[in-house]
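Trainee: Go ahead and model the full structure; you've got the sequences and the hints to work with.
There are 2 protein chains.
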Amino acid sequence: MDSQGFREAAAASIDEIANYFDNIGSRNVVSTVEPGYLRKLLPSEAPREGEPWEVIQADIEAKIMPGITHWTHPGFHAFFPCANSYPSILGELYSSALSGACFNWICSPAVTELETVMLDWLARALGLPECFLSTGPTRGGGVIQGSASEAVLTAMVAARDKYLRETVDEGLAEEEREERVMVKRSRMVALATTLTHSSAKKAALILGVRFRSIPVREEDGYALTKEGLAAALAECRAQGLEPFFLAATLGTTDVCSVDDFAGISEALAEHVPAAGQPGEVWVHIDAAYAGAALVCPEVQASTRIALLERFHSFDMNMHKWMLVNFDASCFFVRDRDWLTKALSVNQAVYGNKASDGGLVTDYREWQIPLGRRFRSLKIWFVMRSYGIKGLQDYIRGSMQMGEEFADALRARPDLFEIVAGPSFALTVFRLAAARLEGEGAVSAEEQNAMTRALYERANATGKIWLTSTNLSGKFAIRLMTGVRTTERHHIQAAIKVLTELAEHVMKDRDLQYLN
Amino acid sequence: MDSQGFREAAAASIDEIANYFDNIGSRNVVSTVEPGYLRKLLPSEAPREGEPWEVIQADIEAKIMPGITHWTHPGFHAFFPCANSYPSILGELYSSALSGACFNWICSPAVTELETVMLDWLARALGLPECFLSTGPTRGGGVIQGSASEAVLTAMVAARDKYLRETVDEGLAEEEREERVMVKRSRMVALATTLTHSSAKKAALILGVRFRSIPVREEDGYALTKEGLAAALAECRAQGLEPFFLAATLGTTDVCSVDDFAGISEALAEHVPAAGQPGEVWVHIDAAYAGAALVCPEVQASTRIALLERFHSFDMNMHKWMLVNFDASCFFVRDRDWLTKALSVNQAVYGNKASDGGLVTDYREWQIPLGRRFRSLKIWFVMRSYGIKGLQDYIRGSMQMGEEFADALRARPDLFEIVAGPSFALTVFRLAAARLEGEGAVSAEEQNAMTRALYERANATGKIWLTSTNLSGKFAIRLMTGVRTTERHHIQAAIKVLTELAEHVMKDRDLQYLN
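Protein sequence lines correspond, in order, to chains C and A. The numbering of the first sequence is this note's numbering, which starts it at 1 and goes up by one. The numbering of the second sequence is this note's numbering, which starts it at 1 and goes up by one.
Rather than coming from a laboratory, the hints here were simulated on the basis of the structure. Among these hints, one or two may not hold up.
Note that the list lumps identical chains together, so a pair holds whenever it fits in one copy or between two copies.
List time: in silico PhoX-like cross-link candidates among lysine-lysine, alpha-carbon distance up to 25 Å [said to hold, decoys possible]:
no., residue 1, residue 2
1, 184, 201
2, 341, 201
3, 389, 474
4, 184, 463
Mentor: Next up, the structure:
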């Protein structure tokens with residue numbers, strides 16, 4: 001394909017993509033193919049001779065689309081969104097043209113510098129404390145990671161390194177220090193809650209450190225409290241373990257709960273070395289999804305975001321609820337030296353004057369991988385195209401639809417029971433325990449089975465996609481209203497479908513879903 | 001931006017990108033901006049109101065392009081390539097439209113299934129042993145990682161898990177086993193060579209395991225030998241350490257050397273538990289760059305690629321020398337259970353029938369992150385557009401240019417000395433030790449200084465970009481001829497520039513570069 005061929009192929013591709021979005025609502029949300037469908041449609045090896053673009057492009061609709069689950073579909077209410085938007089797609093397009101493994105500043109100064117400026121823009125837009133800005137007082141700053149999993153892993157690696165530097169005498173002879181470090185490592189424990197995203201546990205697994213989940217309770221709104229953390233810290237101490245890391249959450253995956261930031265600070269102050277002292281516990285705030293809502297000042301206030309200045313790192317995914325394509329996990333630290341001290345590994349071939357002079361940022365020292373794409377371009381395009389006002393309108397619209405959905409559930413207490421939310425455009429609900437008048441309450445097992453029946457029937461319509469969760473044995477349905485294409489009439493339609501299906505399940509005397 | 005606005009903005013973007021490639025050779029390869037140039041050009045926060053596309057697009061040439069180092073420039077001879085190609089850019093375009101966090105099969109069956117089929121296509125094209133195919137006899141298979149760094153980290157995590165499962169009694173009580181694991185972990189050591197990519201050391205740092213570099217020697221062609229590995233294994237044993245992982249290389253970053261695969265197998269067989277036995281050493285082959293050349297049968301033969309069936313994992317980056325955009329690090333394992341056992345972490349919200357039934361692949365269990373993009377699309381487009389023959393022509397063309405370049409150096413032994421290669425389109429060279437007739441040899445220090453002077457003057461032309469390395473104190477220049485746009489006349493021009501500059505440096509009587 002030469003440059004003229006590219007012009008023609010790209011024009012045809014753009015046309016197909018624009019048509020796809022224009023008509024996305026007419027497709028089923030979730031793919032209905034059987035496992036292994038695609039292998040049957042493809043040759044077992046690559047062709048010997050090249051093929052023309054028309055032949056390749058025709059296969060997208062014919063072979064790929066049947067196997068696509070449409071995350072930008074207005075009926076996509078599952079998990080959290082995985083965003084895109086027109087300006088973001090253009091950002092990816094330019095990024096793929098300006099390819100480069102931009103591990104060092106000189107590999108493309110614009111890639112590093114735009115990223116630094118964009119993360120400052122974002123930190124300001126979200127109302128993050130000054131300490132997370134590259135221009136702030138603590139040598140902080142942001143970096144784009146591939147995902148929130150990589151962010152929490154990076155934070156945990158830096159936290160372990162920081163803890164060991166602070167608690168094992170650096171003046172010891174190398175061999176003795178190495179042995180002391182090995183012993184200390186075996187006592188270190190990372191903490192999270194039972195609703196912290198599983199990536200924190202995976203990070204501990206990768207580091208090979210101990211991991212403890214602190215239970216959170218319905219009566220606390222599924223948030224980590226001062227008392228809960230204090231009890232966990234005391235238990236660690238009783239077992240001779242040393243907590244060095246806590247993954248707290250702003251918007252948990254299951255219910256979008258927010259941990260008690262003030263309570264966390266208080267518990268830490270009472271039980272472990274004070275903030276800023278050697279051996280302090282690193283607190284990482286995972287705001288992967290809900291962090292986007294901080295673009296609204298009222299959310300900055302309600303979540304008391306200024307309290308984060310006591311913590312060490314913060315991560316949010318613009319690629320979830322902020323209209324930027326995957327991957328754009330925006331990770332901030334209060335002191336960038338914590339990252340570079342933990343992650344710098346030198347190799348002669350990467351030496352260059354700008355890096356050696358210490359005048360520039362080399363983001364390879366802020367992350368697990370070496371190479372990196374030009375990911376800030378799509379952030380720049382999105383923030384400029386929408387403006388802060390456009391982003392706020394979008395977030396507020398999502399949350400308003402969440403309220404409307406929850407109101408509709410509340411209007412039918414005979415059918416529905418809200419388990420959590422609406423919180424950040426997520427409502428978690430199940431079928432009501434009280435059945436038809438005069439019949440009394442159903443058993444917990446039956447309530448789960450009926451809720452699962454509703455869930456499966458709703459997904460079987462193909463028009464909407466919901467995911468489920470399990471909260472202390474309660475099966476519950478999650479409905480998220482954050483996708484860009486979702487409008488109020490889609491939510492009204494979802495309410496109608498769910499209400500009708502719930503009535504059927506309630507009336508169903510055979511209870512065949514109980515097996 | 002609505003769908004019509006997108007059609008127009010995309011058309012303008014495609015036009016700009018095609019023009020960029022049509023004229024790329026007229027730009028300087030490396031950006032010449034000063035650190036901090038971009039912050040001065042941008043507002044300190046995001047705009048309140050959205051801006052029109054024309055305004056945003058105009059800023060690309062005005063503000064971004066000056067800070068771009070052009071990795072697709074024909075004069076880019078630095079590092080290794082970071083590829084793109086027209087079909088690959090279209091693959092990224094479709095991928096960004098079909099966004100989704102495809103961690104599970106049901107999240108878009110096509111994303112998982114195309115990836116599995118493409119990695120089988122690739123394994124066949126590269127002549128990898130059957131054990132690395134998803135349809136092979138050992139439950140092997142491939143997965144796309146973000147980078148070779150993530151691949152070696154993933155391999156090392158799986159290797160540690162496998163080693164501990166095999167060497168610590170699983171029947172022990174949980175607490176006792178945990179303590180035994182902690183003690184064992186503190187004795188485990190990962191091995192590599194002094195020319196293994198720094199990502200192996202970084203992986204060990206992240207895992208918190210010990211790491212040893214085995215020196216490689218010029219007289220062995222900078223390859224790990226049987227004797228070198230055997231000595232390292234004996235030394236580990238003498239220190240009470242337990243080797244569990246070896247990162248070997250097909251095409252080292254500095255000189256493109258290839259470790260002795262047969263020798264590695266023999267040394268392991270003699271010094272540690274035999275292949276397939278509990279406690280065997282996991283061998284990971286990093287072929288990040290040079291792996292692409294395996295698409296040529298003559299390279300499969302010369303590297304004895306069939307020997308890899310004794311090893312455990314293999315990784316190559318299509319985004320380096322195989323015309324696919326970053327990121328496409330193709331990672332293969334001989335038994336996929338090694339990955340899933342080490343990396344599975346469950347969370348209720350991700351449960352679904354297909355996954356729970358065990359019928360499908362959930363790639364989140366094969367990698368560090370949870371979410372993932374539709375990265376196989378660009379591989380499909382590239383392999384079909386070029387065909388195997390087109391890829392072979394491209395690789396052979398790169399290697400042929402490497403030979404021509406080296407021949408030109410050899411034709412001027414008064415000026416140049418080849419340190420390594422040409423190997424996989426990489427030549428490593430320096431200024432000759434013998435100076436003008438009758439003057440005798442120069443000192444090692446002088447030779448380094450003169451080579452550095454040549455290097456800096458060549459890069460200062462702006463027409464080519466070279467990187468350097470340091471081999472046991474010898475400063476050397478690397479010239480790589482693998483970029484897609486590089487043609488024979490560009491190499492001839494580079495030879496002319498380097499020859500003229502070398503003559504100047506040689507004649508320079510002041511030796512001011514010695515400082």
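Trainee: Could you run down the list of hints and mark each one as holding or not?
Mentor: These are the hints, each one checked on the structure:
no., hint, result
1, 184 x 201, "both (20 Å within a copy, 21 Å between copies)"
2, 341 x 201, "both (23 Å within a copy, 14 Å between copies)"
3, 389 x 474, "neither (39 Å within a copy, 58 Å between copies)"
4, 184 x 463, "neither (54 Å within a copy, 53 Å between copies)"
Checked against the numbered hints listed earlier, the structure breaks hints 3 and 4; every other hint is satisfied.
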